[in-house]
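**Student:** Spelled out, the chains give:
Number of protein chains: 2
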Amino acid sequence: MKINCSKKAITDSVSIVSRAIPSRTNVTIMQCIIINAKDGNITLTANNNEFGIKNLLKGEVKEEGLIAIDAKIFESVVRRLPEGEVLIETDSNFRVIITCQSSKFNLPGRSGDDFVALPEIEKENEFTISQYTLKEIILQTIFCISTNENNVLMTGVLFEINGDKLRVAALDGHRIAIRNIELRQSYSEKKLVIPGNTLNEISRILSGEVEKSVNIIYNDQNVIFEFERTVVHSRLIQGEYFNLDQMFRMEYELKVTLKRRPFIECVERATLLIKEGDRKPVIMSFTDDNLEMRISTALGSMNENLEATKTGPDLLIGFNPRFLIEALRAIDDDDINLYLSNPRSPLFMWDENYKYTYVILPINFNNR
Amino acid sequence: MKINCSKKAITDSVSIVSRAIPSRTNVTIMQCIIINAKDGNITLTANNNEFGIKNLLKGEVKEEGLIAIDAKIFESVVRRLPEGEVLIETDSNFRVIITCQSSKFNLPGRSGDDFVALPEIEKENEFTISQYTLKEIILQTIFCISTNENNVLMTGVLFEINGDKLRVAALDGHRIAIRNIELRQSYSEKKLVIPGNTLNEISRILSGEVEKSVNIIYNDQNVIFEFERTVVHSRLIQGEYFNLDQMFRMEYELKVTLKRRPFIECVERATLLIKEGDRKPVIMSFTDDNLEMRISTALGSMNENLEATKTGPDLLIGFNPRFLIEALRAIDDDDINLYLSNPRSPLFMWDENYKYTYVILPINFNNR
Numbered sequence: 004m005k006i007n008c009s010k011k012a013i014t015d016s017v018s019i020v021s022r023a024i025p026s027r028t029n030v031t032i033m034q035c036i037i038i039n040a041k042d043g044n045i046t047l048t049a050n051n052n053e054f055g056i057k058n059l060l061k062g063e064v065k066e067e068g069l070i071a072i073d074a075k076i077f078e079s080v081v082r083r084l085p086e087g088e089v090l091i092e093t094d095s096n097f098r099v100i101i102t103c104q105s106s107k108f109n110l111p112g113r114s115g116d117d118f119v120a121l122p123e124i125e126k127e128n129e130f131t132i133s134q135y136t137l138k139e140i141i142l143q144t145i146f147c148i149s150t151n152e153n154n155v156l157m158t159g160v161l162f163e164i165n166g167d168k169l170r171v172a173a174l175d176g177h178r179i180a181i182r183n184i185e186l187r188q189s190y191s192e193k194k195l196v197i198p199g200n201t202l203n204e205i206s207r208i209l210s211g212e213v214e215k216s217v218n219i220i221y222n223d224q225n226v227i228f229e230f231e232r233t234v235v236h237s238r239l240i241q242g243e244y245f246n247l248d249q250m251f252r253m254e255y256e257l258k259v260t261l262k263r264r265p266f267i268e269c270v271e272r273a274t275l276l277i278k279e280g281d282r283k284p285v286i287m288s289f290t291d292d293n294l295e296m297r298i299s300t301a302l303g304s305m306n307e308n309l310e311a312t313k314t315g316p317d318l319l320i321g322f323n324p325r326f327l328i329e330a331l332r333a334i335d336d337d338d339i340n341l342y343l344s345n346p347r348s349p350l351f352m353w354d355e356n357y358k359y360t361y362v363i364l365p366i367n368f369n370n371r
Numbered sequence: 004m005k006i007n008c009s010k011k012a013i014t015d016s017v018s019i020v021s022r023a024i025p026s027r028t029n030v031t032i033m034q035c036i037i038i039n040a041k042d043g044n045i046t047l048t049a050n051n052n053e054f055g056i057k058n059l060l061k062g063e064v065k066e067e068g069l070i071a072i073d074a075k076i077f078e079s080v081v082r083r084l085p086e087g088e089v090l091i092e093t094d095s096n097f098r099v100i101i102t103c104q105s106s107k108f109n110l111p112g113r114s115g116d117d118f119v120a121l122p123e124i125e126k127e128n129e130f131t132i133s134q135y136t137l138k139e140i141i142l143q144t145i146f147c148i149s150t151n152e153n154n155v156l157m158t159g160v161l162f163e164i165n166g167d168k169l170r171v172a173a174l175d176g177h178r179i180a181i182r183n184i185e186l187r188q189s190y191s192e193k194k195l196v197i198p199g200n201t202l203n204e205i206s207r208i209l210s211g212e213v214e215k216s217v218n219i220i221y222n223d224q225n226v227i228f229e230f231e232r233t234v235v236h237s238r239l240i241q242g243e244y245f246n247l248d249q250m251f252r253m254e255y256e257l258k259v260t261l262k263r264r265p266f267i268e269c270v271e272r273a274t275l276l277i278k279e280g281d282r283k284p285v286i287m288s289f290t291d292d293n294l295e296m297r298i299s300t301a302l303g304s305m306n307e308n309l310e311a312t313k314t315g316p317d318l319l320i321g322f323n324p325r326f327l328i329e330a331l332r333a334i335d336d337d338d339i340n341l342y343l344s345n346p347r348s349p350l351f352m353w354d355e356n357y358k359y360t361y362v363i364l365p366i367n368f369n370n371r
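First to last, the sequence lines map onto chains A and B. Heads up: the first sequence begins at 4 in the numbering used here, then just goes up one per residue. Heads up: the second sequence begins at 4 in the numbering used here, then just goes up one per residue.
Isolated chain A, as found in the complex (with noise of 0.2 Å):
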């Protein structure tokens, strides 16, 4: 093999794909980049057991040919090559030579042959959205996917697919998120629940621009997202979704006007007096126009009151700080609702148009 490229192509291509390389494995082709020049075209792929990256790398190819090379080691070089064209050779011993100014490496290649290459999937299903939604979208659910593996549908993101809606969720048990979006075309009923890991990394290599798109192409087992110059092979978790339309109600009897801003600060302030792991509620009081927050540990205590507009009647209610923090930040408007019933339901925040919902469950405290 023997291909030429720019520093900066090949440093991209690298950091793209890496992201598929697992922090930790014994399988010795999984820490690797294959490298393929075939057909005048040069792409770099990664592949670990649940999801593989390829990119097709901006370059020209001098002598066809497949290389593997372990990741991190390669990532290091190119990074710090000079600026400038960089030329890689393999020899028949599987030695990687890369060629920059007057600078060269001879590293260790493997042939690749035990490479397991992305699976191809029939184009039959497949939508359009913008790279930047997208990444809304992800940022805006994944952090309420439980990182516990024993509900394995609790590690995904829900994408369902209806008509032209689409609805992607995420819930652990003590919290959901749920985002709306118009699609531009009409497609025919889906679930998808897609790994977190998986959605996570993409969000990472998306650009997030408005202007460029992402086709997601989808069976039964499978997604596939396309962009630019890459395309991320994802399989689905498999097994029937939790319903949400019959999971909660969305009913309640306050509504809570507030400032989201000074509402998260707020919530912030009462963390700090929290250890880590410790499981403390904060403590909300709604009264007329005031909302008190307070909190006391072993650390000390805290409180505070917040201008707030409430409707209904008055209620004292504990939540796990990080979660609220978490769905606030997630939200951009600057004045947020807050729905709620009693002690022991729910926590709601919607906007009027349903574009977000966030759903999460209170924590028991002893306030006598």
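Some hints here could point you the wrong way.
Unchecked claim - Distance condition first, Cα-Cα at most 16 Å in a straight line; then the derived EDC-like pairs of lysine to aspartate or glutamate:
{"no.": "1", "chain 1": "B", "residue 1": "Lys61", "chain 2": "B", "residue 2": "Asp15"}
{"no.": "2", "chain 1": "B", "residue 1": "Lys11", "chain 2": "B", "residue 2": "Glu86"}
{"no.": "3", "chain 1": "A", "residue 1": "Lys107", "chain 2": "B", "residue 2": "Glu268"}
{"no.": "4", "chain 1": "B", "residue 1": "Lys278", "chain 2": "A", "residue 2": "Asp73"}
{"no.": "5", "chain 1": "A", "residue 1": "Lys41", "chain 2": "A", "residue 2": "Glu66"}
{"no.": "6", "chain 1": "A", "residue 1": "Lys107", "chain 2": "B", "residue 2": "Glu271"}
{"no.": "7", "chain 1": "B", "residue 1": "Lys258", "chain 2": "B", "residue 2": "Glu279"}
{"no.": "8", "chain 1": "B", "residue 1": "Lys107", "chain 2": "A", "residue 2": "Glu271"}
{"no.": "9", "chain 1": "A", "residue 1": "Lys107", "chain 2": "B", "residue 2": "Glu295"}
{"no.": "10", "chain 1": "A", "residue 1": "Lys262", "chain 2": "A", "residue 2": "Asp354"}
{"no.": "11", "chain 1": "B", "residue 1": "Lys107", "chain 2": "B", "residue 2": "Glu92"}
{"no.": "12", "chain 1": "A", "residue 1": "Lys262", "chain 2": "A", "residue 2": "Glu310"}
{"no.": "13", "chain 1": "B", "residue 1": "Lys107", "chain 2": "A", "residue 2": "Glu268"}
{"no.": "14", "chain 1": "A", "residue 1": "Lys75", "chain 2": "B", "residue 2": "Glu86"}
{"no.": "15", "chain 1": "B", "residue 1": "Lys107", "chain 2": "A", "residue 2": "Glu295"}
{"no.": "16", "chain 1": "B", "residue 1": "Lys75", "chain 2": "A", "residue 2": "Asp354"}
{"no.": "17", "chain 1": "A", "residue 1": "Lys10", "chain 2": "B", "residue 2": "Glu92"}
{"no.": "18", "chain 1": "B", "residue 1": "Lys10", "chain 2": "A", "residue 2": "Glu268"}
{"no.": "19", "chain 1": "A", "residue 1": "Lys262", "chain 2": "A", "residue 2": "Asp292"}
{"no.": "20", "chain 1": "B", "residue 1": "Lys283", "chain 2": "B", "residue 2": "Glu271"}
{"no.": "21", "chain 1": "B", "residue 1": "Lys61", "chain 2": "B", "residue 2": "Asp42"}
{"no.": "22", "chain 1": "B", "residue 1": "Lys258", "chain 2": "B", "residue 2": "Asp317"}
Hints listed in this document are in silico derivations from the structure and should not be mistaken for laboratory results.
Here the structure of chain A is known, so what remains is to put chain B in place on it, guided by the hints.
**Tutor:** Frame of chain A, contents of chain B only:
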């Protein structure tokens, strides 16, 4: 105690004195900041076994008093307060009540009776340099100290005052850094060996402005740095420091002139092939108008050629690349001179005015 100040003033003050809080200690009072409101002045102080920091807080004493409070929780709370006036009060149970806007914290404090105040020393011996200069000379030498406590003198930095000259030096048995500074006045001869930890923390507090000055006051056991609203006290390391003038002779057989920036980048590339903890040298081959750098490890091999103007014989010599990089980063000049003799003699770098001198011992390597 009852004091009043701005959020910015208390945050700045706490972040300065917190630098004297040890990261690990079993002595509770060493984890605390002491607030002392007396005679219209408010001081914050923290003190560990080696050094202490005192800062004069911009604020108003409403009621005199003294309190000790856990530095970590206090710093996190004041940082997160809303912008505005902060009121800090104590009660008879040593509780600290912090009020800012509608936010109120109640934190446990301590009497502060067991706190060891910073010693005062007579201002007989003192000299003044700019914050800029002090910060520079610390950063340009401190990386050469030893972290090994076996030879405690090597864990400090020498400040040698002699007439209107200040020589600052650090060494670890493998390398030496020396900086020479001209003082505005003449002072009697004195050698101070200041603990590296103290200087490290001072360099982080100093704003580094040319117009702002630092008074350095000393006797045989102590040194005090006074700048702006801050006083840092440190014990000195006792013992006779190494005689630098007898340690090496600035003789050489080769003089090599090259560009500093490409030289650093080349050595940085070579280090990519060294696993952490491995003591592999980079090998430099000096021939006419060329420096070839090479390295070969289990991870791969690398070689690179740099333009270099040489006078004197050819030379093949090996060095710890980290020592090269750290010295090269501490130099400002675009062009630098290397002075060498043979594979067992040190490498010197100095400028024509001897403002800086760096000495690095070579590493033996098997070249055959």
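**Student:** Next, verify each hint and record whether it holds.
**Tutor:** The hints, checked one at a time:
1. A distance of roughly 10 Å separates the Cα atoms of Lys61/B and Asp15/B; the hinted pair therefore holds under the 16 Å criterion.
2. In summary, the hint linking Lys11/B to Glu86/B is supported, as the alpha carbons are separated by about 8 Å, within the 16 Å threshold.
3. A threshold of 16 Å between alpha carbons decides the hint, and for Lys107/A with Glu268/B the separation of about 14 Å falls inside it, so the pair holds.
4. Between the alpha carbons of Lys278/B and Asp73/A the distance comes to roughly 14 Å, so the proposed pair stays at or under 16 Å and holds.
5. Of the supplied pair hints, the one linking Lys41/A and Glu66/A holds, its CA atoms being roughly 8 Å apart against a limit of 16 Å.
6. Distance hint between Lys107/A and Glu271/B is fulfilled; the C-alpha atoms sit about 14 Å from each other, no more than 16 Å.
7. Distance hint between Lys258/B and Glu279/B is unfulfilled; the C-alpha atoms sit about 32 Å from each other, more than 16 Å.
8. Distance check on the hinted pair: Lys107/B and Glu271/A sit about 14 Å apart at the alpha-carbon level, within 16 Å; holds.
9. The straight-line distance between the Cα atoms of Lys107/A and Glu295/B is roughly 11 Å, inside the 16 Å bound, and the hint therefore holds.
10. For the proposed pair Lys262/A and Asp354/A, the alpha carbon gap of about 14 Å is at most 16 Å, so the pair holds.
11. Of the pairs offered as hints, the one joining Lys107/B and Glu92/B holds, with about 11 Å between alpha carbons and a cut-off of 16 Å not exceeded.
12. The hinted pair formed by Lys262/A and Glu310/A meets the criterion: a straight-line CA distance of about 8 Å does not exceed 16 Å.
13. For the suggested pair Lys107/B and Glu268/A, the alpha carbons sit about 13 Å apart, so the restraint of at most 16 Å is met.
14. Restraint check: the Cα-Cα separation between Lys75/A and Glu86/B comes to about 45 Å, which exceeds 16 Å; the hinted pair is violated.
15. Between the alpha carbons of Lys107/B and Glu295/A the distance comes to roughly 11 Å, so the proposed pair stays at or under 16 Å and holds.
16. At roughly 39 Å between alpha-carbon atoms, Lys75/B and Asp354/A are farther apart than 16 Å, so this suggested pair is violated.
17. For a cut-off of 16 Å, the pair hint linking Lys10/A to Glu92/B is broken: about 60 Å separates their Cα positions.
18. Restraint check for Lys10/B and Glu268/A: the C-alpha separation of about 15 Å stays at or below 16 Å, so the hint holds.
19. For a cut-off of 16 Å, the pair hint linking Lys262/A to Asp292/A stands: about 12 Å separates their Cα positions.
20. For a cut-off of 16 Å, the pair hint linking Lys283/B to Glu271/B stands: about 13 Å separates their Cα positions.
21. The hinted pair formed by Lys61/B and Asp42/B meets the criterion: a straight-line CA distance of about 14 Å does not exceed 16 Å.
22. Taking the CA atoms of Lys258/B and Asp317/B, the gap is near 11 Å; set against the 16 Å cutoff, the hint holds.
Violated hints, in rising order: 7, 14, 16 and 17; the structure is consistent with all others.
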